[in-house]
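This is what each chain is made of:
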Amino acid sequence: MSVTPEVRPVDPALERRRFLYVLSEALEKFSRLRRILKRQQVFIRAEHGEEMSVTAVDELIDYLEEHCEMFLGNSDRVAHLLRGKQLNEAEIKAVHRSLGILTVHTLQVHELLLLLPREAARPQASFLLKDCFGSKDLKASIVLTNLFSAYEYRFEDILEKVNVEQEERLTLTQGGNVLCQAFGDKDNPLAWAVLAHEYGHVLDDHDQISKKILQPDRAAGQTDESTREAEPDWGAAVVAETVADFIAAHVLGPASLMPILFVEMMYPKLRGVSRTSAGHPPTPVRVRLVSGYLRELGVSTSDFDPVLEAYELDYARKLQDLGKVERARLEGIETGAEKLLSPLAKAIALSVGTLGLRRFEDQNIGRARALQETLASRQPISSCRSRGEGEISAGLSALKAGEATPSQVYEVLAGLDEVPVPGSEILTAGWLYRLSSFEDVLMKTFLGGAERKTDLEVYSNYAEKTDGLLLKSLELADVHAEVLRRLKLA
Amino acid sequence: MATATAPRNDLYLSVLAGRAISALADLAGDPSTWNDRIERDLRGGIVYCQTVRAQGILVLRKPSSGWNALKRSVEDISEGAASSGDVSAEAQGVERYLSELVSSANRAPQMADLLVAIEFIGKTATDR
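The listed protein sequences derive, respectively, from chains G and X. Note that my numbering has the first sequence beginning at -14, numbered continuously upward. Note that my numbering has the second sequence beginning at 15, numbered continuously upward.
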């Protein structure tokens, strides 16, 4: 694969799929944000009664609704695009641009949530991390914050920028690590793969993985002059990001890549060179490295390939839209990152392998496919039989009356016991369910035709119900595991 | 918690931009279409272009960067900002085109012109 994806000729099916992903992510972000604001509105009304005619929250809700209504002016065109019907170039561009306006201004409101009364992160997010990393005590707190802190900078990076003395900074981090989660992701377990990446940084800091891997002279030889001048610590930062990416992929598999790809596709533009100051290698490099790592682990990415393909197209299109200078700089950084990281990938993989983390395997994907069916029937997926029906049936058939001992019988019947589903499988099943079901819901949302009003509540309810099922699954799986642990101790 | 006491402002620039884009797309789909809504939204597009022209692209960039002091502290927000001269000239061209559409001077919109107008409005309204 070339370093920079070439802009391929228009493939209508792939273009449509890219549009579906962008639309679904934008509508999800919008409806989740609106849900948070409405909840805040209820709190404020309860506290102050009706004497406050218009609050800041009302203004924000109004702002969102105005933008939503603006976008819905394109409902018929969206319905046409969803059904693969012909639109002219200006109509297609209008849909994309209007969706871009909705997205950008929804995300601006998201940033403002920093100023509003806070909500706490869901306990299920900690359950998930504890399960994935096999740790009873994470020594890390999850805090809700803006998208910028959740997806771009770590809390530690921000502390670095704050004007405090080194000693004071050390004191500030003594209370444990802080994992930043976007407000809008609070109820959305599918986005929590980002937390696994963040926790990867915690492990990296603790074990000094990236520092040991990256010899200073090696970094100096591999990055280009301009990048080194602009960001002297760039080499160390991109290696640290790759270590965190590999750790997240190790425990969660290909689903670890999904939130960042959907978020990036949703943005109407590439966020350009300034983003490299956060130390992230350009995302296509991250995708290639993580996919290669998963292949080495024997984990297939095939269920997620449609997303990877659409992302590749999306990135290429947005790269094309950049100005010549910025495009050249971004391509240079991509080449530099690839040159630096590719030879280090094996060493990073080896180091991550020695951390003793619970490894996501191909069979986890197999089980997640089955669990996806359960989700589709609107059931939680917190537990499953410890053995398959075929195995239990064969075991029962092998028992002979008058010959089998009670312990042999109990051993076969133990196959009927339910065991908690690992968090990584719950998340993977959730993603597989989303990828298989969202298109149908979009169709029901955008019916098309003058008499058929577009009802965004259809998509909003679908997202909320899926969140609910996944949250319940993570919670019940944790309770189930705790009960089994206590029984074992007893 | 502090509350907003200012009256509601229904002239969000980005909403004006989005509505103008929809109106242009309606004309692209059926050039003979004309109604009060299209006219109102094109007029909103004119106001949008006038604002961009008068204040430069930074008027649209300010809210997002201004809201985020944290972002300002770690990133150079001026990077990649378009030259205000270029933007102003483009805004003037699109404003003139929208005015012609509204004043019936040009009721047979060409696809290329519509594309330029949609692209300009969409791009400036999502620049952050």
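Calculated from the structure, these hints are not laboratory results. These numbers were taken from a predicted model, which means no experiment stands behind them. Note that CB positions come from ideal geometry on N, CA and C, so glycine has one too. There may be inaccurate statements among the hints.
As the list claims (entries may be wrong) - Label pairs and their in silico Cβ distance ranges:
1) X:Ser113 x G:Pro(-3): 31 to 39 Å
2) G:Glu424 x X:Asp44: 43 to 51 Å
3) G:Lys254 x X:Glu114: 24 to 32 Å
4) X:Ala122 x G:Gly308: 27 to 35 Å
5) G:Lys438 x X:Ala68: 33 to 41 Å
6) X:Trp48 x G:Glu32: 44 to 52 Å
7) X:Arg54 x G:Gly308: 30 to 38 Å
8) G:Gly69 x X:Ala68: 37 to 45 Å
9) X:Arg51 x G:Glu141: 35 to 43 Å
10) X:Trp48 x G:Glu50: 38 to 46 Å
11) G:Glu32 x X:Ala122: 23 to 31 Å
12) G:Gly373 x X:Arg51: 56 to 64 Å
As the list claims (entries may be wrong) - When the alpha-carbon atoms are kept at most 20 Å apart in a straight line, the in silico SDA-like pairs for lysine to any residue are as follows:
13) X:Lys137 x G:Gly308
14) G:Lys78 x X:Thr47
15) G:Lys78 x X:Val130
16) G:Lys303 x X:Lys137
17) G:Lys254 x X:Val130
18) G:Lys331 x G:Asp452
19) X:Lys137 x G:Arg256
20) G:Lys78 x X:Met125
21) G:Lys254 x X:Leu129
22) X:Lys137 x G:Ala301
Can you give the numbers of the hints that this structure goes against, from lowest to highest?
2, 9, 10, 11, 18
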